[in-house]
Amino acid sequence: MNVLVVGAHPVAESYSNHLRDRAVAALLSAGHQVRVTDLYAEGFEARLSRAEHRAHHADPSTKAVIAGHADDLRWATALVLVYPTWWSGPPAIMKGWIDRVWVEGVAYTLPQGSARVRANLRHIRRLAVVTTHGSSWWVNALEGQVGRLLALRSLRLLCHPRARRRWLALYGMDRAGDASRSAFAARVERAMAKL
Amino acid sequence: MRVLVLFAHPDPDSFGAALAAAAVQGLGSAGHEVRLVDLYADGFDPVMTRHDRLAYDTDDAVVDDSVRTQTEHVHWAEAIVFVYPTWWSGLPAVLKGWLDRVLVPGVAFRLDERTRKVTPALQHIRHLVGITTYGSPRPYVAAVGDGGRRTIARALRMVCGWRTPLTWLALHRMDTRTDAERRAFLARVTERMARL
Chain D
1 MNVLVVGAHP VAESYSNHLR DRAVAALLSA GHQVRVTDLY AEGFEARLSR
51 AEHRAHHADP STKAVIAGHA DDLRWATALV LVYPTWWSGP PAIMKGWIDR
101 VWVEGVAYTL PQGSARVRAN LRHIRRLAVV TTHGSSWWVN ALEGQVGRLL
151 ALRSLRLLCH PRARRRWLAL YGMDRAGDAS RSAFAARVER AMAKL
Chain S
1 MRVLVLFAHP DPDSFGAALA AAAVQGLGSA GHEVRLVDLY ADGFDPVMTR
51 HDRLAYDTDD AVVDDSVRTQ TEHVHWAEAI VFVYPTWWSG LPAVLKGWLD
101 RVLVPGVAFR LDERTRKVTP ALQHIRHLVG ITTYGSPRPY VAAVGDGGRR
151 TIARALRMVC GWRTPLTWLA LHRMDTRTDA ERRAFLARVT ERMARL
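Going down the list, the sequences are from chains D and S.
Residue numbering for the first sequence is 1 to 195, as defined by the working numbering.
Residue numbering for the second sequence is 1 to 196, as defined by the working numbering.
Among the clues, some could well be false.
What the hints assert, rightly or not - If you only want the chain D side, here are some residues facing chain S, beta carbon under 7 Å, derived:
no.	residue
1	L48
2	H53
3	W137
Derived from the structure by calculation, the hints contain no laboratory data.
In this text the structure is predicted, and so the values were computed from the model without any measurement.
From the three backbone atoms N, C-alpha and C, an ideal C-beta is built for every residue, glycine too.
Can you make the complete structure from the sequences, with help from the hints?
What follows is the structure in structure tokens.
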């Protein structure tokens, strides 16, 4: 498969980036094609601009600033998002990648006069999220699991109708020792090998 | 009451900007003290930096002046009003990043070093308000999960206190609304903010 891995952690040597690297290595050894986007390393601008907002319905070919990211999404048959969960969801830089890249003409089309969007990423058949939570599972349940809903519902609706979803999450990371961290990294590796 | 209005929309001529103005007008007419923070106009950078993240685990988690200004607003406020367009069933990145960078340990909560237990620190916030627009109809928003509302009503309320009242004012199917419907919503926002 063509796997697009998108990572978002400000600290290069972080555990989240370690998970991303382990995922990429597992995907490559399983024979997949992999493209990696490191939003922090490339200094991705998170804020959708006024010009972008005004040109919302314009053809995506006119949007040079996101062309590379849009091309990655068209190329991908699998998508893996790797991020730390903050305030129940992905970091702003990843939310911004969704706000700015998953636009009309790339992620969906809105036929003239219709209020219903048509999925444009039906070639994506796998959608996986690898994330860490400082707090426990039940605290995250209380907080509403915003990141999980965003990926597994909102984004998934624009992928293949039978796209397989994987939610790989380490809860209670602040209290987790090295053993649970390595166990989780191994779990991510296994999941990627079978993607 | 001292009310912090957090506004996030890239276009100052948008309906979203009109909503922020309507909220400020309503609050002002009721005699509240209002601070309006326009995150786009102020050029607030929502991306937590390496420096921020490394400081997060220390006793002084705020290392950036633009963030410190925001933490002063948070300490000052007794109510926070969020005005934003819902994108991807959630907060625009600029507003999500405001939470990421401003609501850190020592500001929004305290983190016990040993037990890693979180203690809320925003109990002085007596009211939360969300004013938002959705492109989608209400049933769609319900089906995919209203991430923006969840973030404010649940994740944020966790550090204010579960009994903190929440007022939610929403306009669905925003792109197909008539001018009259939009004006009616603006009037509703002003009227509701006037009796906060």
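Q.
Restraint: D:L48 near chain S, CB-CB cut 7 Å. Satisfied or not?
A. holds (6 Å)
Q: Mind checking the CB of D:H53 against every CB in chain S and telling me if the closest is under 7 Å?
A: At about 5 Å, which falls below the 7 Å cut-off, the nearest Cβ of chain S leaves the hint on D:H53 intact, so it holds.
Q) At a threshold of 7 Å, is the proposed contact between D:W137 and chain S supported by beta-carbon distances? A) Where the cut-off is 7 Å and the nearest Cβ of chain S is about 14 Å from D:W137, the hint is violated.
Violated hints amount to a single one, hint 3; each of the other numbered hints is respected by the structure.
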